[in-house]
Structure formats: structure tokens, C-alpha cells
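J.: Using the sequences and the accompanying hints, generate a full structural model.
Just so you know, we're using our numbering here: the sequence shown kicks off at 1 and counts up by one.
A couple of the hints might just be wrong.
[Stated by the list, open to error] Label pairs and their computed distance ranges (CB to CB): (1) N158 to L122: 36 to 46 Å; (2) D116 to I32: 19 to 29 Å; (3) D37 to R74: 42 to 52 Å; (4) D37 to L100: 20 to 30 Å.
Just so you know, these hints were derived from the structure itself, not from any lab. Backbone N, C-alpha and C fix where the C-beta goes; we use that ideal spot for every residue, glycine too.
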Amino acid sequence: MPSLLHLHPPIVHFPVALLVVASAAGLTVLYITPRADLRALTWWAMLLGWIAGLVAVLTGLWDQRNLAPDAPFRSVLNLHIGAGLALLLVYGWILYQRWLFHGAKAQRKRAQAGMDVDDLLLLPSAQLWLTALLVAGALLVLLSGWNGGQLVYVWGVNVGG
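T.: Shown next, in the form of C-alpha cells:
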């Protein structure tokens, strides 16, 4: 059983899986099929992945608090932390835009324009920026995960008792 002092390692797998699934499902909706089940998967995986990502970032920051500031792996750690924070911003921004999309003001505006679109993923004007953010988010997950792996398997950071 993991120590309560090192919660980051068992938690990180959840945002990695959920956010990559969210990006893959979202891109599938944007370019292959707009199925409702894939749209639901995109949004639920993204929300749960973002929450798990926030927990992973907080536990990671807690776990690194006693590491030497001049440690030789500090540049890798900083990239890992930076990518983790950036992916929270990217996916958080997408979720915020979805929240705005479903707001009463946005719904009235779309109704006045004669637009019958009930999901941000189906909005033609959002396709390009959603694509860019979904791809960027997945790449940030990859970057953060890669650097996290380097910290553990190359540098042995926080491994053992």
C-alpha cells in the first residue's frame, strides 16, 4: 500500500489515460463521426481527467518539496511540472469553453442565428481551435509522462523508502 506521503505515483495513471482518451475521442468526433456516445466520452473523460490531473499536480508538488533545489535532475523535474500545469490549463480552457457554450446567453445567440448545434464539438467554427488544443493537450500529457518516467527510471527520484 502506498505511503500517504507519496500519493503521486499511484494517481498519475488516471489523468494520463483519461486525458488521452478524451483527446482521441474528441478528434474522432471532429473528423470521423459525431456520435453522441463519443461526445459524452470526450467530455466525461476530460472532466474526470482534469480533476485527476489537478490531484496529480498537487500530490506531485507535495512529493517534490524535499528535493534539493540544485539536484542534477531539476531541469527534467521543471519540465515535468511545467507540462503538468500547462495540460491543466489546456484541458481546463476547453472545459470552460464548453461551459460557456451551454450558457443561456450563448444558447440565445445561437438560436437567433438559426444555429441548431447542441455540442461544442459540433460547432464548425470551433473545429480548428479544438483540434489544436486536443492535440496540444495530448502532447503535453506525453511530455509530462515521459519526463516523469525519466525522473523515476533514470534518476530514481522518490523511489524506495
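J.: Checking each numbered hint in turn, tell me which of them this model violates, lowest number first.
T.: none
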